[in-house]
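Could you put together the complete structure from these sequences and hints?
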Amino acid sequence: MPKIVRRLATMAAVVLVGGLLSATLVRLAPGFDVDEQQLDARLSSESVATLRRARAHDRNIAGFYLHYLGRALRGDLGESRTLNRPVRKLLAERLPVTARLAGFGLLVGWLCAVLLALGATMTRRVACDLAATVLGGIFLSLPAAVLALLFVFANAPAYLVIALVVFPKVFSYTRNLLAKSYNLPHLLTAYAKGVGRLQVLIWHVLPVAGAQLLAVAGISVSIALGAAIPVEALCGIAGIGQLAWQAALGRDLPLLVNLTVLVTVITLAANWGSEFAGQSFRTSEA
Amino acid sequence: MRYLRKSAWLFLVLVALASLGAGFWAPADYATQFREAPNSPPSHQHLLGTDEVGRDRFSRVLYGTRVSLLMAPAAALLSTLLATLVGGVAGYLGGWWERAAMAATDLFLSMPWLFLLLAVRAMLPLNIAPITSVAVTFLLLGLLGWAASARVLCAGARGLRDSDFVLQARASGLRGLRLLAIHVMPNLKPVLLAQFWISIPVFIISEANLGILGLGVEEPLPSWGSLLRELESFTSFGFEAWKLVPLGLLILVVSSFQIILSRDEVYA
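These protein sequences, in sequence, are chains A and B.
Quick note on numbering: the first sequence equals residues -10 to 275 in the numbering used here.
Quick note on numbering: the second sequence equals residues 29 to 296 in the numbering used here.
Just so you know, these hints were derived from the structure itself, not from any lab.
Treat each hint with caution, since some may be false.
In silico DSBU-like pairs for lysine-lysine, Cα to Cα no more than 30 Å straight-line [said to hold, decoys possible]:
(1) LYS158(A) to LYS217(B)
(2) LYS217(B) to LYS34(B)
(3) LYS169(A) to LYS158(A)
(4) LYS34(B) to LYS169(A)
In structure tokens form, the structure reads like this:
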């Protein structure tokens, strides 16, 4: 129990510092005080002055951040400047879209990676291993944005881009891990005693490799979220990746800070969740 | 595997030489427009055709390769230096320093790399001179890409700090920077080199992502990212295959790095 409390406290600290850092970076960014609306020739000098006054309270970074935290505790995440909508509503609308996209992508990517890694390791055929390695290598060399563009062109589902981004990393790790597990001396004994391949996999390989594979699951969530930005921006999917893209281009401070905090929380939760799952897996095996 | 690695090295050297000599064998400058021939297919005059504003694609690929292939190692050098400073020194010093450095590393690693890059890049002015945009893009890659390497270097330095020979050196009266320079750093060299080489393809791909999203190197200066933006107007694989040359080159170069790096996996 104290471990969970410590983890939650660390997560809260990381989120607070991460939010403060992102707010500081946005505040220090050149042109922060300039609003595109101020360039509108139709606006009177009074209107421009009103716009400047409206942004003035954001100048003090500590003040802005404390004000933001206070409101966030009451459930008010502020309003997006570029989209003129409450940030909470935007996140509530777009988070499920990204969750679905990343979820499907992760599922397909993991399935392909684990099955191919198992095939390459169990068959022990050089051709099979080489083909899988070359395939993984090609996708590892392709930027997510290029894949997204090609998938838009081919009219293919966007979640497959996420799958292809996740696949090579999981495949390479899984294959190495399985190869190591299959080389353990007790497996030789099991084979000598006539234990079948499937039984060896279920009883001897997966318990060894499973915990470490679960640890990669957390990292793959971070990879999928990162890939969601170009995928959603280029495929026109209204998720948080596209929102981050719009917020970054429009220098939308409230939205950017909230997104930073949200993405950090999701990534940390995924990492620690997979770590706990791995530990539980090891404990149950022991 | 040895021959494959040698071929990868040879390919990278050839590509680097070709891009460095772009001024000699490129038929035109990267910004020169042939207004009478926009979007033209390959010909004797334009080996890879021209882009939508009539610039020679072959020349742009050569100059773009120069930008990406020279600046990515520079960014990798910067990130490895930062990682050494944060991770290596913290691992060597241990205690509070190590905890603080690892907390900072965790903070950086808790945000997806592209998200962090995109957010910080967008906070800088978007309309800047092309040459400044090259510096800004790769400087950001270098400044933000140190965290993963720092973690590895910290673990390496921690292992060395507790090793017998460092203990013996300490017992002999060797301390501080001298101990770090004479015993710790030389033994960290393989890890440092591995991290440096690993960062290069990561930065090349990140620049390509940023370029496609319009946050990389500014026009008219080409880079692989800005060259790949052309794929947005791509209409057919069969009829416009020459437009895929920058993409093919990117895949081959990054794959070559991966083949070379496969030897260094043990340090990564």
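Enumerated hints in conflict with the structure, sorted upward: none
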